[in-house]
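Engineer: Chains Z, V, P, A, H and Y, in that order, give the protein sequences.
Counting from 1, one number per residue, gives the positions in the first sequence under the UniProt record's numbering.
Counting from 1, one number per residue, gives the positions in the second sequence under the UniProt record's numbering.
Counting from 1, one number per residue, gives the positions in the third sequence under the UniProt record's numbering.
Counting from 1, one number per residue, gives the positions in the fourth sequence under the UniProt record's numbering.
Counting from 1, one number per residue, gives the positions in the fifth sequence under the UniProt record's numbering.
Counting from 1, one number per residue, gives the positions in the sixth sequence under the UniProt record's numbering.
It cannot be assumed that every hint is accurate.
Since the list gives no way to pick one copy over another, a pair counts as held whenever it fits inside one copy or between any two copies.
[As the list claims (entries may be wrong)] With a straight-line cut-off of 20 Å between C-alpha atoms, the simulated SDA-like cross-links for lysine to any residue are:
hint, residue 1, residue 2
1, LYS164, GLY206
2, LYS65, ASP116
3, LYS93, VAL60
4, LYS65, LEU163
5, LYS93, ARG62
6, LYS236, PRO189
7, LYS236, ARG224
8, LYS118, LYS164
9, LYS93, GLN13
10, LYS164, PRO26
11, LYS236, ALA225
12, LYS236, MET226
13, LYS118, PRO189
14, LYS118, LEU168
15, LYS164, GLN13
16, LYS93, THR83
17, LYS93, TRP63
The set of hints was computed from the structure by calculation and includes no laboratory data.
Bear in mind the structure is a predicted one, so any value in this text is a computation, not a measurement.
Now for the letters of each chain:
Number of protein chains: 6
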Amino acid sequence: MAHTPSAPPSEPQPRVDGRADDELRPITLTRGWLDHAAGSVLVEFGRTRVLCAASASEGVPRWRKGSGLGWVTAEYAMLPSSTHTRSDRESVKGRIGGRTHEISRLIGRSLRAVIDYKALGENTITLDCDVLQADGGTRTAAITGAYVALADACGWLGSRGALKGTPLTGSVAAVSVGIIDGVPRLDLPYEEDVRAETDMNIVMTGDGRFVEVQGTAEADPFDRAMLDSLLDLGAKGCADLTVIQREALGG
Amino acid sequence: MAHTPSAPPSEPQPRVDGRADDELRPITLTRGWLDHAAGSVLVEFGRTRVLCAASASEGVPRWRKGSGLGWVTAEYAMLPSSTHTRSDRESVKGRIGGRTHEISRLIGRSLRAVIDYKALGENTITLDCDVLQADGGTRTAAITGAYVALADACGWLGSRGALKGTPLTGSVAAVSVGIIDGVPRLDLPYEEDVRAETDMNIVMTGDGRFVEVQGTAEADPFDRAMLDSLLDLGAKGCADLTVIQREALGG
Amino acid sequence: MAHTPSAPPSEPQPRVDGRADDELRPITLTRGWLDHAAGSVLVEFGRTRVLCAASASEGVPRWRKGSGLGWVTAEYAMLPSSTHTRSDRESVKGRIGGRTHEISRLIGRSLRAVIDYKALGENTITLDCDVLQADGGTRTAAITGAYVALADACGWLGSRGALKGTPLTGSVAAVSVGIIDGVPRLDLPYEEDVRAETDMNIVMTGDGRFVEVQGTAEADPFDRAMLDSLLDLGAKGCADLTVIQREALGG
Amino acid sequence: MAHTPSAPPSEPQPRVDGRADDELRPITLTRGWLDHAAGSVLVEFGRTRVLCAASASEGVPRWRKGSGLGWVTAEYAMLPSSTHTRSDRESVKGRIGGRTHEISRLIGRSLRAVIDYKALGENTITLDCDVLQADGGTRTAAITGAYVALADACGWLGSRGALKGTPLTGSVAAVSVGIIDGVPRLDLPYEEDVRAETDMNIVMTGDGRFVEVQGTAEADPFDRAMLDSLLDLGAKGCADLTVIQREALGG
Amino acid sequence: MAHTPSAPPSEPQPRVDGRADDELRPITLTRGWLDHAAGSVLVEFGRTRVLCAASASEGVPRWRKGSGLGWVTAEYAMLPSSTHTRSDRESVKGRIGGRTHEISRLIGRSLRAVIDYKALGENTITLDCDVLQADGGTRTAAITGAYVALADACGWLGSRGALKGTPLTGSVAAVSVGIIDGVPRLDLPYEEDVRAETDMNIVMTGDGRFVEVQGTAEADPFDRAMLDSLLDLGAKGCADLTVIQREALGG
Amino acid sequence: MAHTPSAPPSEPQPRVDGRADDELRPITLTRGWLDHAAGSVLVEFGRTRVLCAASASEGVPRWRKGSGLGWVTAEYAMLPSSTHTRSDRESVKGRIGGRTHEISRLIGRSLRAVIDYKALGENTITLDCDVLQADGGTRTAAITGAYVALADACGWLGSRGALKGTPLTGSVAAVSVGIIDGVPRLDLPYEEDVRAETDMNIVMTGDGRFVEVQGTAEADPFDRAMLDSLLDLGAKGCADLTVIQREALGG
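This is chain Z alone, in the form it adopts within the complex (with noise of 0.2 Å):
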């Protein structure tokens, strides 16, 4: 959505919070928050709350029946509640939006890189992603939670002889960086969001590989240099949540 020249970049602004640029919002990872799911956890980022449940269940979609293997997938949605504004309700409007589907369908293929449908055997294991309270970042966050949630789940088969082998081929973390007055920062609340020039979402595994680059220039197209920086940016960050993951799973 480019079309003013851009001003030269001003004095870029300390962030509202004080954290340094390359430094995430303070994370937690709270497992177990609900008594049915075989894995559930609720996952902070500053403001931003998501509750990340995964359900198991025997049997695989049809087309994959007979194969053997498992499946993962995800639904991701927000509480009318959750954003600044009260948002209405897909199930009210009958239909859900573009904006859902894609980051459903984002957090299903992130967690699907570390799964090793034949450990997994025909079972499926479902992600609810419901955004609780939105302060920018939900889907990242969503990726990031949804993991832990998705290793108490096969923890959970596990223990009741349900697997063929070790599902878990790694584990798979996710967070927002972007470009602000010029400047590269990471994990971005609502308010940097809105105002980013570009915005990036980088979903990596464990050992430092890429699942997902997704970056959109939202209002001048950026280049080489700056893209370079943003993924220098968001490997960062990315390791940092493994760290906390791995606590959290008390690893």
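Starting from the known structure of chain Z, arrange chains V, P, A, H and Y on it as the hints suggest.
Structural biologist: This is chains V, P, A, H and Y only, laid out in the frame that chain Z set:
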């Protein structure tokens, strides 16, 4: 769904959680659970957990414009992971089920019973009641919590000078009662709810009058004496909840 | 929706149609109104006119297959031209409204209260209750008429040797009661219905037990004494309807 | 759907109900069947029974506003219990089928052929044609009955001084014709309809001109001579119906 | 929609494109326009351009399984950019309009008139007719082109040994005719179509029999003589199209 | 979806169509393919064929009214017959799938990156990108073609005096890149797309800056070196496409 001659009522079992028949589950009302909403309450009736958020907006639905009167409405929904077995999202199914409609309408009516539309002015308050975990009595927990969120939203509007008077004419609380093994019991958890021969939801004002009475013979139709004992028990439960609401609101 | 201090009840007006407060409107039950249905009844409560048709089919919904038990369900709808002002078709709107859902579910539950599923065998009876003209009390007229259509459908199935016993364990009838100008009245037409402070629908078996009790304070919440008088009045009305049903069925 | 070489036409059977090939079923037009509608007619073609209700409202659809011209539209639907085997509700399915759409549009076009929009003024008349019992020819019965309801609605509007002139420029009636066992027949009941090789619906004005001609070879394509004989038969049937309409309207 | 007394027909204008009244627009049938489909034809009637693609799949709809008979069906749609002013997508609106349904059904019926289901075996051929550019007569162009795609799909199935015989029992073509300024004309472009007093679509087999005749008085109802002249003109047009189809198919 | 330990990369196969790894498929851009649209382009990337039509209309969506700014939006869809195996219509399914939403949004964002909303004035340009034949890379072909249609629509608006300046601030093109057998390749056809371990879509401006970068590890997560080589390859492809776009536009 009665059809077999009822067996002579077996000796009634004590309640699973050791409660007396006329005793509520542990109730908690946590105000201010969200940062943005005009009022928000996490209400817990034992393991049942409902997030009640009140959003206030200027203006009223079209059919009410120019009347000088406000409006209060409610939407109820369950997270897919809230139930013992995961339930499908209504947004994915593309239509809202009859039960959801029914409960949303009940909550809205119940709250409107204690609202003075004129004092509210042409403002709309929407109560979103999202069940995070379901263990019986979600609709009555929702009404009980939503009243507190509504009170906070009225305070919020008042502090902004947006009101024409005092919109709340009283308080409202709700509880379920039922007959289990021939014995009337208060505030049924899921396990008792599915076994109940008769199930009744009672909504009352803080001064002890009825707003809604909904009783259904899930199994054997019930006689007038049984109905009277259920009404007595519900009145007792609503009175107890009224005390808890007052305490939560600091009164 | 109470808010203004109730004025001292004015001297109650006599009823528009000259009825006593505890008197039903003229009731007619015309059996066999359709040529194809297993049972069909045109029920009239004054000017309210509902066509109740029972269709019987072999088999039960999927979740009940192989149980040996039958099923009874109902669908309620209003013709667009049935109301004082034409209402839009739900098929055109593409979704069924909350009120329609609610009433369909009520009718189904009410009829199932007098069904022995085992005796019915794995058959499904669907009751279609289509309001041809609405003048208040359509849901209670529908239940009262649908019971007679259901009885005819059971007879029809029996004459084909499709039953395992006698599916009907009793009869069921329903009536509305309400408080108008502070006075309890039976079987409200539309004009009284919109003026009622409190509105209650009562469904009872032929032997005088309650199947459903649904009371709503449209305006002022009501006290226990008023509730008791409404229950008495409803019981009287259901007893009268039971007599009319028996006569219609030639018993 | 022709494909097998047609067998030499067997000796045609007499009609089940003993009618001559060019004879209508018993036709009745009961005016004023509803209390609220501007015009309402219960039309019966033998066992086919359609309730036609005309609702008049001030104003026209948006695309016609300010033109000074009125509008006439129609909606056709079948009750689930109207058919030999119960059919699902379109409101429950959430979408209107092609056949319903097609017939609604046909009825609307047919009636508009005899309307002077200027004389109608900016009023809309909606014709609801709800099939209570279906035994073939429901769309032609609907048109024939809807014309009478439309005439009554015009009278109703006129008596309220809401018209700018005389909106009806003529009358309109419709009938089905078909080829059974090689013989053209008038006004087919369901049993003949399903056996017809060719099926045609003819809509004509009272002065003998065509409004719609819709012929379909359900089996063998038909030649021009056969087409001509069907047109003759349809014209005869419409003329008979015109007489019956005039009588019903007291003219 | 006739209502004003028709003015004496003014001297008819010559056609915009200089054609004779009984002359088709330039017709082209381009076979094999797509690489994957079993048959595909880009059909052009002047500026009207429709892509007709035939997909063949093993198996038939559920209601036909085990019958040994095949099935042919069609779906018609318009690209949003095909019309003079952009039209909204039906996928975005979430529902298919009546006109689309009507035309899809017409195309399917027309093609089935020349199919021997037994020879087709339990295969389904779906004809997708997507209007790329609309300039009147899209449905008749679609039928004319779809027949050629269908013939190619039959050849494709035959070459794979998937047939039980020769499914095509003949050919089928379609054309529109109408009355403009009192004069019957063949194959109307958009500009003439909107001005036509009467509009008729005629579908005929290659041996000159009628499959469908659909005539509508858009303005004045028409008399029998006018109807006869339209039928003559349509028969002439279909005969011309049959020749062009044969040439396209190399016969 | 990685899970099996990757086999040592086999010797990479040459490309099916003999192209070099950094070579585009034959690209054609046919302007003016439709008669009515403000701009229309049939774009071909090998056998992938997308019709891009730009419709211009006065006014903007409601949320933008009175801002003096224009709007550009896009809708992507696939014809059912465009895919190797016929796919169901989204209009028939009644809902738009996640992939369609995602791509429509991507195209819109990409084009808006080179639009000066002020210069466009309060006009809306809608780009309809309908896939006529799909052989991989439909979304990148759509963006590349839609840019040319957009340029034509701007010219069309300019020639009518409807603009406030020059809305295009640059050009935009897009291409897919992927890793096949461990080797980065440009512009994947369907056959390569399904085999790709990693798949990336790159959207760039004519002056070599990034608008969107979307990379997904369909199989093994990828490291930074591989990501860098994909970005280089994409930049090369977009530069080549920019030359072709300029030529097509006569520049």
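Engineer: All hints are to be evaluated individually against the structure, with a verdict given for each.
Structural biologist: Now the hints, each set against the structure:
Within a single copy, LYS164 and GLY206 get their C-alpha atoms no closer than 23 Å, and across copies no closer than 52 Å, so neither meets the 20 Å cut-off. Only within a single protomer do LYS65 and ASP116 lie at most 20 Å apart by alpha-carbon distance; the minimum there is 16 Å, versus 36 Å between protomers. For the identical chains of this complex, LYS93 and VAL60 are inter-copy neighbours only, at 19 Å across copies versus 29 Å inside a copy, given an alpha-carbon limit of 20 Å. Taking the shortest Cα distances, LYS65 and LEU163 sit within 20 Å of each other inside one copy (16 Å), while across copies they are farther apart (31 Å).
In this homomeric assembly, LYS93 and ARG62 come within 20 Å of each other (Cα to Cα) only across copies, at 18 Å, whereas the closest approach inside a single copy is 28 Å. For a Cα distance limit of 20 Å, the shortest separation of LYS236 from PRO189 inside one copy, 18 Å, qualifies, whereas the shortest one across copies, 35 Å, does not. Within a single copy, LYS236 and ARG224 get their C-alpha atoms as close as 19 Å, and across copies as close as 13 Å, so both meet the 20 Å cut-off. With identical chains, the CA atoms of LYS118 and LYS164 are at most 20 Å apart within one copy only, with a shortest distance of 7 Å there and 43 Å across copies.
For a Cα distance limit of 20 Å, the shortest separation of LYS93 from GLN13 qualifies neither inside one copy, at 40 Å, nor across copies, at 45 Å. When the C-alpha separation of LYS164 and PRO26 is checked against a cutoff of 20 Å, the pair qualifies neither within a copy, at 37 Å, nor between copies, at 42 Å. For the homomeric pair LYS236 and ALA225, the shortest alpha-carbon distances inside one copy (17 Å) and between copies (16 Å) are both at most 20 Å. Taking the closest pair of Cα atoms, LYS236 and MET226 come within 20 Å of each other both inside a single copy (16 Å) and across two copies (18 Å).
In this assembly of identical chains, the alpha carbons of LYS118 and PRO189 never lie at most 20 Å apart, being 39 Å within a copy and 29 Å across copies at closest. Only within a single protomer do LYS118 and LEU168 lie at most 20 Å apart by alpha-carbon distance; the minimum there is 11 Å, versus 49 Å between protomers. With identical chains, the CA atoms of LYS164 and GLN13 are never at most 20 Å apart, being 53 Å at best within one copy and 34 Å at best between copies. When the C-alpha separation of LYS93 and THR83 is checked against a cutoff of 20 Å, the pair qualifies only within one copy, where the shortest distance is 17 Å, while the shortest distance between copies is 23 Å.
Proximity of LYS93 to TRP63 under the C-alpha cut-off of 20 Å is restricted to the inter-copy arrangement: shortest distance 18 Å between copies versus 29 Å within a copy.
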